[in-house]
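*Asks:* Chain by chain, the residues:
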Amino acid sequence: MSNRITKITPNNPVFYDNDPQDELITLNLGPTHPATHGVFQNVLQIDGERIVSGVSTIGYIHRAFEKIAEHRPFYQITPLTDRLNYCSSPINNMGWHMTVEKLLDIEIPKRVQYMRVIVMELARIADHIICNGILGVDTGAFSGFLYVMQEREFIYEIFEEICGARLTTNIGRIGGFERDFNAIAFDKIREFLKRYPPVLSEFEELFVRNRIFIERTSGVAAVTPEQALDYSWSGPILRATGVDYDVRVTAPYCSYEEFEFDVPVGTNGDVYDRFMVRNEEMRQSMRIIQQALEKIEKEPKGVFHADVPEFYLPPKEQVYNNMEALIYHFKIVMGEWETPKSEVYHAVEGANGELGFYLIHDGGRTPYRLHFRRPSFINYQMFAPMSRGMLISDAIINMSSLNVIAGELDA
Amino acid sequence: MNKLDNQVIIDRLQAVLGDKVHVLGEPHGLLAIQTESAYILELLAFVKNDELLRLNYLTDITAVHYPLQEKQYAVVYHLHNLFQNIRVRVKVFIGGEQPTIPSATSVWQGANWMERETYDFFGIHFEGHPDLRRILNMDDLDVFPMRKEYPLEDPNRIDKKDFYFGR
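Quick note, the sequences are listed as chains S and D, same order.
Here the first sequence stands for residues 1 to 411, where the numbers follow UniProt numbering.
Here the second sequence stands for residues 1 to 167, where the numbers follow UniProt numbering.
Check each hint, because a few of them may be wrong.
Claimed, not checked - If you want the footprint, here are the derived chain S segments under chain D, 3+ residues with CB under 8 Å: (1) 67-73; (2) 196-208; (3) 342-350.
The set of hints was computed from the structure by calculation and includes no laboratory data.
Ideal Cβ placement from N, Cα and C applies to all residues, glycine included.
All chains, please: the whole structure from these sequences, using the hints.
*Replies:* Dropping the structure here:
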C-alpha cells in the first residue's frame, strides 16, 4: 500500500488493477436524506447501484404517545393523534373520537356523521395529493407536484375555516364538532369539488401515459397479495396488489354504508398501481363528499354535536350564567365522569391503511392503556426485505409510494 | 358460505382445541378469547388456516401491564377475517422475571416488528423471533418504558420548577 499516490492530480488518475472490485459498500440512506421525505434511516449494503441487503432503523422521532396517553384525559389525547399521520390529521382525530364514543355508547346524529365524512375524505385527498405529487418528484417530474399542491393548500383553507388550524387540526370533539361549519366552509367545499377534478385530470395526464414515468414505476417493487397479507399491509398499497380490503366497506363506521363509492384495486402491486389506486381514490372521495353535502341538506340544520352534556363541553357563556352548565363544565374538565370499564378496538381507514385504536379503560380519568395500530409502522417493515436486489433509485420511489409518514411510524 | 358469528367461532374453537381456549367475553361485539402461552402458536396457526374461521389477517400485537396480577403481562393479538369482517382478540397472560411467549413470526411475517415493539416497551421475550432488538427506543435504554412502574417524567428533575419561570 506504500506505493499509493497520496496527491490526486488530473494527470495522475487513481486507478489500480489490484483494486478490490468485489467489496460491498455500506451506504447510510438517511436519517435526513432529501430523497426520503422524513426521518428514515436505512443502512444498505450495495454492490454498485444494486442493494444487497438493508436494515431499517426507526424511532428517530419517537415521542412516547402511548405512555403520554396513559396520563391524559380523553379530550387531551386528540392533539396527540394529530401528530401521528400529520398529512391527514382529521382522520386520526375522528378515529379517536369514534373510539371514545364507542366506549361511552354515544349515539351521533346523522348530520354530524356526514360532516365527519366530509372532513375525513378531504383529509384523504390532501394525503394522497402529497404522496402522488412526491412520487412524481422522485421520478423527476416536478411540475405535477406544484399543480396539485395548490389544491392541498385549498383543503387546508377549508380546515382553517372549520377549526382554525391547518396541519395539526385537533378537529372535532368527543360527541361531535366544536362548532358548526360556517357558510364559507360549505362554499369552499363546493368550490373544491368544482375546481379539483380538472386539476386531477391534468395531473394524471402528465403521468399516466408518460413513458419515463411508466418505465420508472411499472413492475418496480411488485408485491403479491399473499406477501402483502402476510406482512399485514393495509390501505392503498394493499389494494394495489388486488385485495379489496377497505375498512370503510368491510366494517363501515360513520354511516359509510349509506354512500355509494367504488374501491379501486390494482393488479400487480407495483409502484404504478399504487399511484393509480390513489388517484382513483381521490375521485371516489369527491363522490363521497358530493353525496355527503346532499345528505346534509336533508338533515335538520344547526346540529353539530350529540346531546351528551356529561361529555360535551357546554358553550362558555352558559358556563358563566347557568348552574347546570357550570357543573358539567367542571366535571368534564376535572375528569369526574362516570365511564365504563371496557375494552374497545376501533379502526378507521386512514389515508395509508387501517388506523386502529385499542383502548383499555378501567373507569379512571385516563385510559389504562391505549395502543395505536399505525399503518405506516406495519407497512414499512417490508421495505428493507423487499429492497434486496433493487436499484437504489427504485428503492427510493418504492419508499415514497409506500407513503410512510415518520410521525406515524415512530408514534 | 355460512355466516360466521361469534358463537360459531366459539363452538369451532372448543370442538377442536377444547380446554386450551376459553372465552373472556364480547365487549362491544368483539369476541375475546384467552389461551396459555404453550398453546398460542397452535391456536394462531389453526385459526389462520382453518376453512371455517379464516382469521388470516394479523391486525396487531401488543401487550398490557397489570402490575397487581400474579401474571403481570397480557399479550394481545387482534385477528381479522377479511372475508366476513369478524375480528377476534386473543389474550395470553404471562408472568415471571422474564416473561416469555413463542413468537408468531412463523405464522405471519408481519408479526416481526409488532413483537419487536412489544419487546421494546414491555420486555416480553418472543422465543424464536429472528431479530429481537429494540425498535423505537435507543439500544442502550435499560428499562421497559410502558411498564406501569416507569414514570412518565423523572420525578426528581428540577429544571421545570416554578422559580425558573419567575413564579
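*Asks:* Hint by hint, say whether it matches the structure.
*Replies:* We went through each hint and held it up to the structure:
{"no.": "1", "hint": "67-73", "in the structure": "holds (count 4)"}
{"no.": "2", "hint": "196-208", "in the structure": "violated (count 0)"}
{"no.": "3", "hint": "342-350", "in the structure": "holds (count 5)"}
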